[in-house]
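*Asks:* Each chain, written out:
Protein chains: 4
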Amino acid sequence: MIVTVEEESKQLETALGGRYRKVRMGGAVVYVFSQPVPKPMIDRIHNATVVDISKPYQLASRDFLKETSIVRIGKAEFGGRAIQVCAGPCAVEGKEQLLESAQAVKEAGATVLRGGAFKPRTSPYAFQGLGEEGLKILREVSDAVGIPVVTEATSPDQVPLVEEYADAIQIGARNMQNFELLKAAGRSGKPVVLKRGGGATLEEWLLAAEYIILEGNWEVVLCERGIRGFDPSTRNVLDLAGMSLVKRLTHLPVIADPSHATGRRDLIVPTARAAVAAGADGLMIEVHPRPDEALSDGAQSLDIPTFGEAMAEVSKIARAVGRE
Amino acid sequence: MIVTVEEESKQLETALGGRYRKVRMGGAVVYVFSQPVPKPMIDRIHNATVVDISKPYQLASRDFLKETSIVRIGKAEFGGRAIQVCAGPCAVEGKEQLLESAQAVKEAGATVLRGGAFKPRTSPYAFQGLGEEGLKILREVSDAVGIPVVTEATSPDQVPLVEEYADAIQIGARNMQNFELLKAAGRSGKPVVLKRGGGATLEEWLLAAEYIILEGNWEVVLCERGIRGFDPSTRNVLDLAGMSLVKRLTHLPVIADPSHATGRRDLIVPTARAAVAAGADGLMIEVHPRPDEALSDGAQSLDIPTFGEAMAEVSKIARAVGRE
Amino acid sequence: MIVTVEEESKQLETALGGRYRKVRMGGAVVYVFSQPVPKPMIDRIHNATVVDISKPYQLASRDFLKETSIVRIGKAEFGGRAIQVCAGPCAVEGKEQLLESAQAVKEAGATVLRGGAFKPRTSPYAFQGLGEEGLKILREVSDAVGIPVVTEATSPDQVPLVEEYADAIQIGARNMQNFELLKAAGRSGKPVVLKRGGGATLEEWLLAAEYIILEGNWEVVLCERGIRGFDPSTRNVLDLAGMSLVKRLTHLPVIADPSHATGRRDLIVPTARAAVAAGADGLMIEVHPRPDEALSDGAQSLDIPTFGEAMAEVSKIARAVGRE
Amino acid sequence: MIVTVEEESKQLETALGGRYRKVRMGGAVVYVFSQPVPKPMIDRIHNATVVDISKPYQLASRDFLKETSIVRIGKAEFGGRAIQVCAGPCAVEGKEQLLESAQAVKEAGATVLRGGAFKPRTSPYAFQGLGEEGLKILREVSDAVGIPVVTEATSPDQVPLVEEYADAIQIGARNMQNFELLKAAGRSGKPVVLKRGGGATLEEWLLAAEYIILEGNWEVVLCERGIRGFDPSTRNVLDLAGMSLVKRLTHLPVIADPSHATGRRDLIVPTARAAVAAGADGLMIEVHPRPDEALSDGAQSLDIPTFGEAMAEVSKIARAVGRE
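Quick mapping for you: the protein sequence lines, in order, are chains F, P, W and V. Numbered per numbering that gives the first Met the number 0, the first sequence spans residues 0 to 323. Numbered per numbering that gives the first Met the number 0, the second sequence spans residues 0 to 323. Numbered per numbering that gives the first Met the number 0, the third sequence spans residues 0 to 323. Numbered per numbering that gives the first Met the number 0, the fourth sequence spans residues 0 to 323.
Honestly, I wouldn't trust all of these hints.
Taking beta-carbon pairs under 7 Å as the criterion, some of the chain V residues facing chain W (in silico) [as the list claims (entries may be wrong)]:
(1) Val4
(2) Glu7
(3) Ser8
(4) Leu11
(5) Thr13
(6) Ser232
(7) Leu237
(8) Asp238
(9) Ala240
(10) Arg272
(11) Ala273
(12) Lys315
Here are the simulated DSS-like cross-link-like pairs (lysine-lysine), alpha carbons at most 25 Å apart as the crow flies [what the hints assert, rightly or not]:
(13) W:Lys105 / P:Lys182
(14) V:Lys135 / W:Lys315
(15) P:Lys182 / W:Lys315
(16) P:Lys74 / P:Lys135
(17) W:Lys189 / W:Lys105
(18) F:Lys315 / P:Lys315
(19) P:Lys135 / W:Lys182
(20) V:Lys182 / F:Lys182
(21) V:Lys135 / F:Lys182
(22) F:Lys135 / V:Lys182
(23) V:Lys65 / V:Lys189
What follows is a set of in silico ranges between Cβ atoms, one per label pair, in the way DEER data are often shown [what the hints assert, rightly or not]:
(24) P:Ala81 / F:Ala311: 18 to 28 Å
(25) P:Ser53 / W:Gly25: 52 to 62 Å
(26) V:Glu292 / F:Lys38: 45 to 55 Å
(27) P:Asp265 / W:Lys65: 42 to 52 Å
(28) P:Gly93 / V:Glu292: 52 to 62 Å
(29) F:Lys38 / P:Asp265: 24 to 34 Å
(30) W:Gly25 / P:Gly16: 32 to 42 Å
(31) F:Arg43 / W:Asp42: 49 to 59 Å
(32) F:Ile69 / P:Lys135: 29 to 39 Å
(33) P:Arg23 / W:Pro231: 36 to 46 Å
(34) P:Asp265 / V:Glu163: 51 to 61 Å
(35) W:Arg71 / P:Val50: 53 to 63 Å
(36) V:Glu163 / F:Leu160: 21 to 31 Å
I should point out that these hints are in silico values taken from the structure, not numbers from a laboratory. Even for Gly, the Cβ is constructed at its ideal location relative to N, Cα and C.
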């Protein structure tokens, strides 16, 4: 159950008996109860909106906010009429590579630059990213090209650093249930792109978002990037029905990442089209000027001309579903 | 390796040493080798097209036939420019129900009627279909309304019966590796709609198609209907990246079944749009005049007005990807 | 709900209103209701045992029969104190191979010979078994060595043939929901070994057994052989917790097949031990005199000396859990 | 490739060209190469042991160390002849509850006490653990009862705290690829119990262990606790074949957690037996004095008498496989 009031009220808090979590939402104050609240207690509440929610996640639920929330990364509005596209290399490898990528993806219509500085890699022997040096390059290139930038934080103590340099903080699939990281991102002042874990149900994903919101950060974009499957022919299984369902369950904007979902360059265009047709508010696509030389994820990165074609294709679908 | 010749040739067969499977393809004759063929043997072949194929499936492979095959069910051409839609109730429940469904789906633009007479049900206590009586109704309604009909056979001895009454034979997901049924369908004179098993890889699916083709029946339409997943929020996981990939691997037309894939009425429209955007050659959708009274699969069936809207939505996507 | 009476009774059947399935069980008659039965109707039943069952499967449920059923294949009693071991080659390749296998496995302590004559193979180009010729060899060897034999039927019309030559009919994992085959096996006079499908839940598996019993055949042995998983390091995922749970849910005996579950020779001994420790009533193990020359499944077959060691290991575990 | 030398050597490091990771192992120094090393470079190495390893994980590989490593938590030796059992409540709820649990599990034969102070919970509204207060209780109880204690750290900055109070650091399944946490645990001076992620392959698990070892901490115990599956009848799928295989792939000791794997109290005894029969070096079992009042995981916790019976059962299997 959620109780929303215009102003904080000691009197109400006393009436509610302290069994709530309190979150600010714009000027208003929101009290969240995870346990059923006794009827007499509810009757004592005045000048408040009370919403009953049957799901384990509450603030993230569309039962609470009926309209899709708009989350802004720079000027890009996720959840609005326009399809937002985050594009760029898997990892920042150097200034030149990133600059070339950023200019190209912006020109092709991308609205957010992506690029990893802290890279969570399965193997400790794989390229681990440039770290803070990478963050600096991201900031410089972002400013130079005029495109906002999202990059990943992989532990709570990286959050302040990422917040300083980037326009949005990404939480990767492997960290979807890294609850201390979720809380740190929730305390930051920047929007968060929260990827679905490869073994996570929709409910677990939304509860991860709830962790972020409960700390006061409502700016969460969900990103479907494929779940674990038994067929080795694609890297993961892109769950577009799940993505479509999650949009019904939550007011948060939802995007899809066909690069990580499929792991194959030749499937990015058709699955990007499909994601938009299924209702995605945006896409995240790996683009590299020379995919075959990429230090990570080359096999699933588009080169720049192909990214341009992808954008044209996606654009047609966007218009067909009444979006831009 | 596949050797294609215009005319059967004893001489060639002697040269090939008998280590092949022989299939007719239109007027031509195709010899298939699953084992590597010695170089000298190949050199003895004349007036033949020889194609090397690295996949375990061969006749189904796009390495063999570069162009997408056209499979005709009645006048509906699967694999051509137009998106074909098979629609109708999960099960034939009676003549009236089917007639009402058939007229409505045809009017809304469906090109093939679907409806089960032999129903493979998880529980022996669930409605098992009307059997031959159901087939007769399917034929009557099909003729009355002027729409071809596809229906399922669940064992080899049902194939001649289904062949007699229906325009195409469906092989369900649970029977995808019922090899005797595949062979029986391969010996029939009717096109086959082959659903992907819920636990089947793309390769296993294509090898199931190969079983059918090897018996001489090239008229196979593949149908993706979702794979098993860990999240109970949808019935299955619709694998559109897999569907898109399978279209690259095979020349056979591929359609998608959002009804069985999602198990939820409210997800059919977005996933149908997504399937077409991902390159599906058609759709299979459950439609029932009164879904809440359906004897099976009501929860995933569209009512008639919603099916009309679905067709309008799908139509916009079809045009956006250059199809009809 | 299940109503058991000593003798068939027209009067009772009239009282029950025809809404049941009727099955003989020994001398008794069993009426099964899949729908709730109205209280007044129950009150009219006399001289009968009435059991309420909350599960979708009923005759297979341990709520119906509290004691584990004993299923006999030849003299081997599945479900009793002794651990039964079915062993032999994946496929019958010839008389000599089978004879050598049969003598060796019997000597090592196996109580049932296994060997495939009709082989359901993923690829149509793989060895498909010797068919009826293989059945004849199985019968001859079985008689010569004095060990009963189980072999697979892959379609309803093979059942009478398998029944004629073998002591038990196996239904393979791919055919677990081949309902016409289940029904044919249910009408046969021989015990059935029913493998769990690689994508099947415990409930689906038990409902498959229910199909067999409903035709009057109570002699069903369940066989866990691994479910589909995402890790390519083993062929399937052996679900021993599921096997242990299914033993609580059903009165039917349950065995495990470590060969198909793991696909790796080096894992058969530890997983066979584990299966018995988890409560398996028996094992099915692939044994080949020369695994590296096997026409199918060589990689997961034990050679004869290793099978002997496996039996010794399993024996220790059997004794540790109070079995033989 | 791994090069081991008795003493650090500038000369060798120069010869190796800096393309290695350096780790101390007891008195020796280990240089690890993830890339193939040119033959001439190898030829320049003297007084060193060179081992070629074909796996992506190297230090964790049994190709490197042939003997199972012994990891000590207090006096409990994981990887030796004796089966070690970690037991205790899911979460520390108070001193009394923990003391009662600790005394009881020690008396029944457990060698390590478990109990969570920092609890990673799917829902932010679920009990999150007592934090540092819980750690203090763990230490007190551990000292009072004379049993070492393992407890979880969920972020890098908790590691020093956990290290201070506990005898071993647990990394939970959700954090298996929380690489910053792995590195922090690798820099600590305490042994680490590393659970397998619910969506992790064996290779990913071993690479996670490699992250820890590369920081210089060789004291790693792997813990299989079930992987994600499609059947809701158990919480996870206990992968005992995988556990058995991982013991072949690594020299690290491996234990199993039947409580989290099954999520059902009634399956713990049979799966614990099975794990030991499959070769587990130990077990982790949730025990609570009053499971029905537990603040978390009550449904999968044993009460104290049942835990005693479990130990007796496990003991029989241990002896049957030549262990204690």
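*Asks:* Each of the hints needs a verdict: does it hold here or not?
*Replies:* Now the hints, each set against the structure:
1. Val4: Violated - the Cβ of V:Val4 stays beyond 7 Å from chain W, reaching only about 33 Å at its closest.
2. Glu7: violated, 36 Å
3. Ser8: Nearest chain W Cβ about 37 Å off; hint violated.
4. Leu11: Violated - the Cβ of V:Leu11 stays beyond 7 Å from chain W, reaching only about 35 Å at its closest.
5. Thr13: Constraint on V:Thr13 not satisfied, violated at 39 Å.
6. Ser232: holds, 5 Å
7. Leu237: holds, 5 Å
8. Asp238: holds, 6 Å
9. Ala240: Interface hint status for V:Ala240: holds (5 Å vs cutoff 7 Å).
10. Arg272: Check passed: Cβ of V:Arg272 comes within 4 Å of chain W, closer than 7 Å.
11. Ala273: With Cβ-Cβ at 4 Å, under 7 Å, it holds.
12. Lys315: holds, 4 Å
13. W:Lys105 / P:Lys182: violated, 37 Å
14. V:Lys135 / W:Lys315: The hint is violated at about 44 Å.
15. P:Lys182 / W:Lys315: violated, 46 Å
16. P:Lys74 / P:Lys135: With a Cα-Cα distance of about 21 Å, the restraint between P:Lys74 and P:Lys135 holds, given a limit of 25 Å.
17. W:Lys189 / W:Lys105: holds, 22 Å
18. F:Lys315 / P:Lys315: Answer holds: F:Lys315 to P:Lys315 is near 10 Å, not above 25 Å.
19. P:Lys135 / W:Lys182: holds, 24 Å
20. V:Lys182 / F:Lys182: Satisfied, since the Cα-Cα distance of roughly 21 Å is no more than 25 Å.
21. V:Lys135 / F:Lys182: Measuring from Cα to Cα gives roughly 24 Å; hence the hint holds.
22. F:Lys135 / V:Lys182: holds, 24 Å
23. V:Lys65 / V:Lys189: holds, 23 Å
24. P:Ala81 / F:Ala311: 18 to 28 Å: Taking Cβ atoms as reference, P:Ala81 and F:Ala311 lie about 23 Å apart, which means the hint holds.
25. P:Ser53 / W:Gly25: 52 to 62 Å: Check passed, 58 Å falls within 52 to 62 Å.
26. V:Glu292 / F:Lys38: 45 to 55 Å: violated, 27 Å
27. P:Asp265 / W:Lys65: 42 to 52 Å: Check passed, 44 Å falls within 42 to 52 Å.
28. P:Gly93 / V:Glu292: 52 to 62 Å: About 56 Å separates the Cβ atoms of P:Gly93 and V:Glu292, which means 52 to 62 Å holds.
29. F:Lys38 / P:Asp265: 24 to 34 Å: Once the Cβ atoms are compared, 32 Å apart, the range 24 to 34 Å for P:Asp265 and F:Lys38 holds.
30. W:Gly25 / P:Gly16: 32 to 42 Å: violated, 58 Å
31. F:Arg43 / W:Asp42: 49 to 59 Å: Given about 51 Å between the Cβ atoms, the range holds.
32. F:Ile69 / P:Lys135: 29 to 39 Å: Violated - the Cβ-Cβ distance for F:Ile69 and P:Lys135, about 57 Å, lies outside 29 to 39 Å.
33. P:Arg23 / W:Pro231: 36 to 46 Å: About 38 Å separates the Cβ atoms of P:Arg23 and W:Pro231, which means 36 to 46 Å holds.
34. P:Asp265 / V:Glu163: 51 to 61 Å: holds, 52 Å
35. W:Arg71 / P:Val50: 53 to 63 Å: holds, 54 Å
36. V:Glu163 / F:Leu160: 21 to 31 Å: holds, 27 Å
In this structure, the earlier hints numbered 1, 2, 3, 4, 5, 13, 14, 15, 26, 30 and 32 are contradicted, and the remaining ones agree with it.
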